[in-house]
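*Asks:* Spelled out, the chains give:
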Amino acid sequence: MPLIDLLCYHGVNSSGLAVRPPAIAQASTYADSFTVETLCFASGEATTDLRGGNARLAEALKSDPRFRGWLTLSIHQTAVSHELARQYLTRSLWVGARFEQDSDADAILNAGGYELVNSLRRYGRPILLTVTTNGTLQSAIAAAREFNTLRFIIAPQTEALTTDCLPAIDQILNISLLPVAAFAERDVIAQAIAGIGERRILWGSEWGRFHHAAALGMLKDCAVNALQRERFAYRNARELLGT
Amino acid sequence: MATLPIFDACTFFGPWPQHPADLAVESLLQVMGQNGIARSLITDTTGIFHDYRQGNAQTLEVAKRYQQQLYPVATLDPRAYPECLGEAEARAAEGFRLFRFFPDRQGWPIRYAPFRELLQKCNELGIPVAIAVTQPGDCTELADSVAFTQAPVLLAGVSPINLGEALAVLRSDVKFHVETTHLLAPGTLEAIRDAVPQGTDRLVFASYSPLRYLSAALGPVLASSLSDEHKGQILGGNLRRLLTPTK
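Top line first, the protein sequences correspond to chains A and B. Positions 1 to 243 (this note's numbering) are the ones given, in order, by the first sequence. Positions 244 to 490 (this note's numbering) are the ones given, in order, by the second sequence.
Hints were generated in silico from the structure; no laboratory data involved. Please note that the accuracy of each hint is not assured.
Said to hold, decoys possible - Below are the SDA-like pairs computed for lysine to any residue, each with C-alpha atoms no more than 20 Å apart in a straight line:
id	chain 1	residue 1	chain 2	residue 2
1	B	LYS418	B	THR392
2	A	LYS62	A	ASP32
3	B	LYS364	B	LEU328
4	A	LYS220	B	GLN277
5	A	LYS220	B	LEU266
6	A	LYS220	B	LEU328
7	A	LYS220	A	GLN191
8	A	LYS220	B	ALA466
9	B	LYS307	B	GLN297
10	A	LYS62	A	GLN26
11	B	LYS418	B	GLU367
12	A	LYS62	A	SER15
13	A	LYS220	B	LEU272
14	A	LYS62	A	VAL12
15	A	LYS220	B	SER270
16	A	LYS220	B	ASN278
17	A	LYS220	A	SER33
18	B	LYS418	B	ALA466
19	B	LYS364	B	PRO379
20	B	LYS307	B	GLU269
21	B	LYS364	B	GLU337
22	A	LYS220	B	ARG354
23	B	LYS418	B	GLN441
24	B	LYS364	B	THR377
25	A	LYS220	A	GLU230
26	A	LYS220	A	ALA168
27	A	LYS220	B	GLU367
28	B	LYS418	B	ASP387
29	A	LYS220	A	ARG199
30	A	LYS220	B	LEU465
31	B	LYS364	B	ARG322
32	A	LYS220	B	ASP265
33	B	LYS307	B	ARG354
For clarity, every value in this text was computed on a predicted model and none was experimentally measured.
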């Protein structure tokens, strides 16, 4: 079965400094081994250095035609974010915008977030949000309601949020869930498909941050049929990427 | 890889109050069968969230029912001091050979007088202990609490955010071991092999099945670049050695 890995990481991840991240070339090996058609990378460095991190990711993406990028933006640096959005989001290499909501202070509609998300409507690209607290989950939901022509993808960063978000996003049809294997209890995939439908679940391994075998194991063990598995691990992402 | 039996150091059955998880014993046995797990160490979640004595009794009952596949692990709750000391003695006498602690779930700190005394008791009984150390600082506090004990200590819940701290603790004393469950950053197992004396002897496979996807825990071990011999140790040999009585 072909796969599309919707979330990979490039470079150092500051929440896991005890081991060095794998080199980008190893992502190509991973893609070869598991028939991954497309890998969508986010820059770990960009959460600290928006310009530098995204620029180095842009360079890394050239190493393999299967690589695409998430443009990391920040509600705390709106001027730079506008500039980077103009520079990158007009190119097909970039999937969309990504915001790390590390705490409630980073909630997407705080600070300059509302204005920034509003400006992103012109690009028509999805917005990926990490969710770390109930506050950031509620902010993601509020953003999706407000900007209902945009597609939002949430990646919960705890076990509790991964299951708690399902009823919360049930009626918000422009939110999709990207469960992270490291935080996924069994069987959140089957529950998500039953709850919000198989077209609103996406798959990503967080290669670079977590071992891809964990996400592949989640894919293997989830109690869904082959068609559903193909839809959430491949077809939904393909439609999202417009390929 | 040589087909050595796989032992799973941490599995659960019982209720899970945070969401409707299917932790039926039958579900666990099915998952074990699907993934070639020979034996699982099992704990009743009732003991974590409600009453550790009731949980331990039910754990023993279930393990007796499925003796060939399940091995009982007791949970002790230091908030029930001093009775928990007697519970440790009683369960040791019943044949429990591992005790598990859940400070993160139960809301007590590692630096906690009843817990320190309970660790001493477990050490006197020669019973290895597994303790959830999920936050930065937990491993360090735990290492201080067991500075004068000899019984093996299994670090549970170590993840990329506190891996460096866990490595420092592992290097400080050979009694420390670490569960693989959340060691999901790429290259972690290899880093432990390289940075810790007898590193591959100190890793213990644990899946938290059926609460978590078993293959998500097993996959990173099998896919690592460790030798087949080392994988075999991690997937069963190390745990069997830890469970061998020393007293």
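*Asks:* Could you check the structure against the hints above and give me the numbers of any it violates, in ascending order?
*Replies:* 6, 12, 18, 19, 22, 24, 26, 27 and 33
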